[in-house]
Amino acid sequence: MSEVVNANRIRNTLIAVAAITLSIAIFFGFQTQTGSVSLESQAKDSTPIEVAIANGKPTLTEFYADWCTSCQAMAPELAQLKQKYGDSVNFVMFNVDNNKWLPEILRYRVDGIPHFVFIDDQGKEIAQAIGEQPSSVMQANLEALIDHQTLPYAASTGETSDLKSPNNPISDPRSHSSQAKSG
Numbered sequence: 001m002s003e004v005v006n007a008n009r010i011r012n013t014l015i016a017v018a019a020i021t022l023s024i025a026i027f028f029g030f031q032t033q034t035g036s037v038s039l040e041s042q043a044k045d046s047t048p049i050e051v052a053i054a055n056g057k058p059t060l061t062e063f064y065a066d067w068c069t070s071c072q073a074m075a076p077e078l079a080q081l082k083q084k085y086g087d088s089v090n091f092v093m094f095n096v097d098n099n100k101w102l103p104e105i106l107r108y109r110v111d112g113i114p115h116f117v118f119i120d121d122q123g124k125e126i127a128q129a130i131g132e133q134p135s136s137v138m139q140a141n142l143e144a145l146i147d148h149q150t151l152p153y154a155a156s157t158g159e160t161s162d163l164k165s166p167n168n169p170i171s172d173p174r175s176h177s178s179q180a181k182s183g
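Here the sequence shown is numbered in full-length UniProt numbering, starting from 1 and rising by one per residue.
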């Protein structure tokens with residue numbers, strides 16, 4: 001009978017040790033997710049869109065969700081970029097799960113996250129990028145945004161104009177007129 005009691009004690013001790021170990025692992029796991037670089041803390045510290053559009057600085061907007069693993073993976077890098085460029089660029093964040101931002105979600109046609117919109121210092125949208133971006137790509141885009149240059153790694157948006165070349169006398173390229181031969 002004492003062997004059964006000893007076996008039960010050993011089993012119970014092992015179960016208790018396993019439970020304590022799992023509790024500690026879960027505790028530390030939650031600590032890493034809620035660090036100082038969390039999406040929530042960055043969103044709280046972001047510039048309100050009304051201020052960003054009016055203050056004469058270019059703006060990087062990020063549409064994100066707390067459950068988005070790409071958004072979470074980029075959070076530390078974006079925090080570093082904000083620390084480096086925060087004096088020159090507004091950083092604005094919109095949580096797509098908050099209906100408050102539905103007008104912005106529709107305006108910028110957000111259909112994937114993370115979704116970045118680059119806005120010039122006049123408040124005009126100039127480019128967008130969707131998906132997880134390497135820090136070097138975001139840095140290059142921010143530097144171009146600050147310098148009023150074409151963003152190297154983002155899809156340009158905005159107005160386009162008709163091409164009118166002064167060197168081409170043909171008004172309709174599909175017309176095979178004699179002008180093209182005599183030119």
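Simulated from the structure, these hints should not be mistaken for lab results.
Warning: the hint list may mix true and false statements.
[Stated by the list, open to error] Capping the alpha-carbon separation at 20 Å, the derived lysine to any residue pairs in SDA-like fashion look like this:
#1 Lys100 <-> Pro48
#2 Lys82 <-> Glu3
#3 Lys82 <-> Ile49
#4 Lys57 <-> Ala144
#5 Lys82 <-> Val17
#6 Lys82 <-> Ser136
#7 Lys44 <-> Gln83
#8 Lys124 <-> Leu106
#9 Lys84 <-> Ala19
#10 Lys82 <-> Ala144
#11 Lys100 <-> Glu50
#12 Lys82 <-> Glu50
#13 Lys82 <-> Glu132
#14 Lys84 <-> Pro134
#15 Lys57 <-> Lys100
#16 Lys57 <-> Gln128
#17 Lys124 <-> Glu104
#18 Lys84 <-> Ala25
#19 Lys84 <-> Ile146
#20 Lys82 <-> Ser70
#21 Lys84 <-> Asp147
#22 Lys82 <-> Ser41
#23 Lys124 <-> Ala54
#24 Lys44 <-> Asp97
#25 Lys124 <-> Pro152
#26 Lys84 <-> Phe27
#27 Lys84 <-> Thr47
#28 Lys100 <-> Trp67
#29 Lys84 <-> Asp120
#30 Lys44 <-> Tyr85
#31 Lys84 <-> Val4
#32 Lys82 <-> Ala7
#33 Lys82 <-> Ala65
#34 Lys57 <-> Gln139
#35 Lys84 <-> Gln133
#36 Lys82 <-> Leu151
#37 Lys44 <-> Asn98
#38 Lys44 <-> Gln80
#39 Lys57 <-> Pro134
Hints breached by this structure: 2, 5, 9, 15, 18, 26, 31, 32 and 39
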